[in-house]
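Please construct the entire structure, taking both the sequences and the accompanying hints into account.
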Amino acid sequence: MIHRIHNRFRPIAEWSPRGKKLISLLLLCSVIALIYRSNFRNWVPLGPQRVVETINPKMGVHTRLTDEPEAAKIKRSLEMVREMGAPWIVEYFPWAYYEPRPGQYEWSHPDLVINHANRQGLTVIARLGFVPEWARPPDSHHLYLPAENYEAFGRFAAAFARRYQGKVRYLIVWNEPNLSLEWGFRPVDPEAYVEMLQVVYPMVKAADQEMLVLAGALAPTLDPPNSEWGMNDLVYLQRMYDAGAANYFDILAIHAYGWGFDAGEPAGESVVNFRRSELLRDIMVRNGDGDKTAMITEGGWNDHPRWTKAVYPAQRIRNSLQAYEIARAEWPWLESINLWVFRFPWDQKSYQDYYTFVSADFEPKSIYLEIQMYAKGLYASFE
Amino acid sequence: MQERGSWRVGMDPSFPPFETLDAQGAPIGYDVDLARAIASQWGLEVEIISIGFDSLLDALLVYRVDAVISAFPFNARMTKDVHYSSSYFEAGVRLVVDADAAFEDMDDLTGRSIAVEWGSRGDAVARRLQRAGAAFERLTFQSPQEAIDALVSGDSDALLIDGVTLRLAQGEGKPIRPVGPALDSDPYVIAVPIDAPALQEALHEVLEKLQQDGQLDILNARWFGQQPQ
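The listed protein sequences correspond, in order, to chains A and B.
Residues 1 to 383 in the numbering used here are what the first sequence lists, from first letter to last.
Residues 1 to 229 in the numbering used here are what the second sequence lists, from first letter to last.
I should point out that these hints are in silico values taken from the structure, not numbers from a laboratory.
Values in this document were obtained by computation on a predicted structure and should not be read as measured data.
Be aware that a few hints might be false.
[What the hints assert, rightly or not] Taking lysine to aspartate or glutamate and the DMTMM-like style, the derived pairs with C-alpha atoms no more than 25 Å apart in a straight line are:
no.	chain 1	residue 1	chain 2	residue 2
1	A	K349	B	D54
2	B	K80	A	D347
3	A	K309	B	D54
4	A	K349	B	D195
5	B	K80	A	D67
6	A	K292	A	D250
7	B	K80	A	D361
8	A	K376	B	E137
9	B	K80	B	E90
10	A	K205	A	E195
11	A	K309	A	E278
12	B	K80	A	D353
13	B	K80	B	E208
14	A	K167	A	E70
15	A	K349	B	D184
Okay, structure coming up:
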């Protein structure tokens with residue numbers, strides 16, 4: 001018996017040439033199958049080209065697909081944005097995720113997001129930030145970018161622009177640089193941010209002349225002078241202009257949160273509300289930049305039952321609808337308004353869950369359904 | 001804890017009647033009394049540590065507190081990092097009817113009306129049920145109080161509302177009662193460190209004892225008022 005088994009499994013060297021070829025072919029097929037499976041298991045068809053139907057072409061939302069790995073869920077999120085009637089999305093593309101080593105790019109996730117967004121008829125505004133470890137000092141915060149690496153950031157932004165030429169037309173350079181938290185826990189520095197723009201802007205333009213660069217995206221805040229936490233956004237924007245920012249961005253990105261105020265509440269320098277956007281616009285005009293447009297790339301209201309800056313759910317719906325309508329009817333200088341945040345891949349179990357429009361499992365919240373009705377023209381009044 | 005003689009409990013005292021501050025700035029509420037009731041079973045004092053709601057879990061993870069009791073919702077994603085007790089309060093959406101009404105479930109409300117606060121979780125549940133084929137009229141109101149008043153006045157046949165608002169309304173004497181289980185469960189639990197099995201076991205036992213002794217019912221009545229019979 002043992003003798004027979006030994007005969008059946010002879011050493012490879014004794015196999016016939018035909019047997020060796022057969023085994024080699026089988027191994028090759030297995031390798032190809034494994035590669036195919038690893039590359040395409042997270043694949044869903046893009047589907048037919050779709051168009052967003054809406055009465056308000058400025059409507060948008062900030063999606064948060066950065067941490068959503070599943071292609072099917074990315075597609076579903078973007079389908080639901082289209083079905084809500086919003087033609088714009090802002091999405092965050094962290095530099096550290098896509099260039100983990102200098103010059104080595106991994107585009108599979110942004111490919112998924114951008115290709116599906118395009119197929120749903122959505123215009124993507126890409127926000128870039130999050131410094132990879134190799135581009136910052138050891139043990140520093142991931143939002144700390146030393147000036148000597150502005151060029152490295154610019155190379156990434158340019159590579160992004162080249163890869164998505166014709167698919168993405170808008171890039172936001174950094175996020176809320178007027179907060180210490182977002183500036184790597186350093187004192188905020190508008191002049192240094194302008195230096196970043198002066199490096200990154202021409203590199204992006206050289207990669208894709210059609211790409212439009214958004215700057216600012218300032219956090220609305222009333223921080224007093226010399227606050228360790230941040231700088232008043234109105235002061236920061238003026239200092240950006242004083243430092244020569246005007247030639248290094250095409251569109252101003254604005255964050256417009258309403259906190260406890262109604263959307264129609266008048267703007268005031270000592271108030272953080274939705275119409276504070278008008279004060280930022282005034283600064284643009286005062287600095288001779290009135291021909292440029294602006295985009296609200298974050299904003300909205302929260303209806304958490306115990307967060308101090310939240311409103312009731314009914315107020316959140318009414319204010320959000322009114323904000324879209326103000327953007328459409330009153331602000332010709334505003335190209336789009338993207339409210340925070342469409343969906344998280346999982347419940348945050350914090351006040352952040354009460355900014356969303358659909359739940360993690362895609363159940364539409366009432367605000368989603370009401371905005372959908374608005375986009376279909378089924379709202380007669382906003383009183 | 002035994003060496004220190006105290007149980008450090010993290011909470012955000014901004015959510016009455018579960019936790020708030022009295023005129024002297026001392027924490028009071030259902031959760032404060034619950035923490036004291038548990039600690040007394042162990043012969044310990046309670047040390048309440050005030051922390052913002054969104055930082056409570058972080059405080060637990062770095063052992064700044066021994067437990068979190070703060071109308072704290074169960075989070076399945078965190079079960080690899082912290083241990084949760086069984087639920088001591090269901091804050092999820094309930095179907096609520098008049099105390100004297102004969103309705104016992106959604107099927108009894110076919111062709112009837114259900115009040116909701118516009119945009120609330122109850123509203124989302126109502127819309128979900130309608131999408132699934134439930135045949136009732138959804139009546140929307142600007143506030144939970146208006147929705148409750150509609151039920152009490154007979155302008156609606158039922159109400160979909162969260163468990164906290166329900167109990168507060170009952171405590172104010174509104175003659176209403178929940179029927180069936182929560183339609184969108186949101187249990188409040190106590191969180192303790194994942195690597196404290198003795199504490200987890202002791203917590204499990206003491207909560208069972210407080211339940212069996214009727215002490216949880218006493219706490220509920222103290223902070224929300226009596227439930228209608």
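Could you check the structure against the hints above and give me the numbers of any it violates, in ascending order? Going through the list in order, the structure violates no hint and respects every one.
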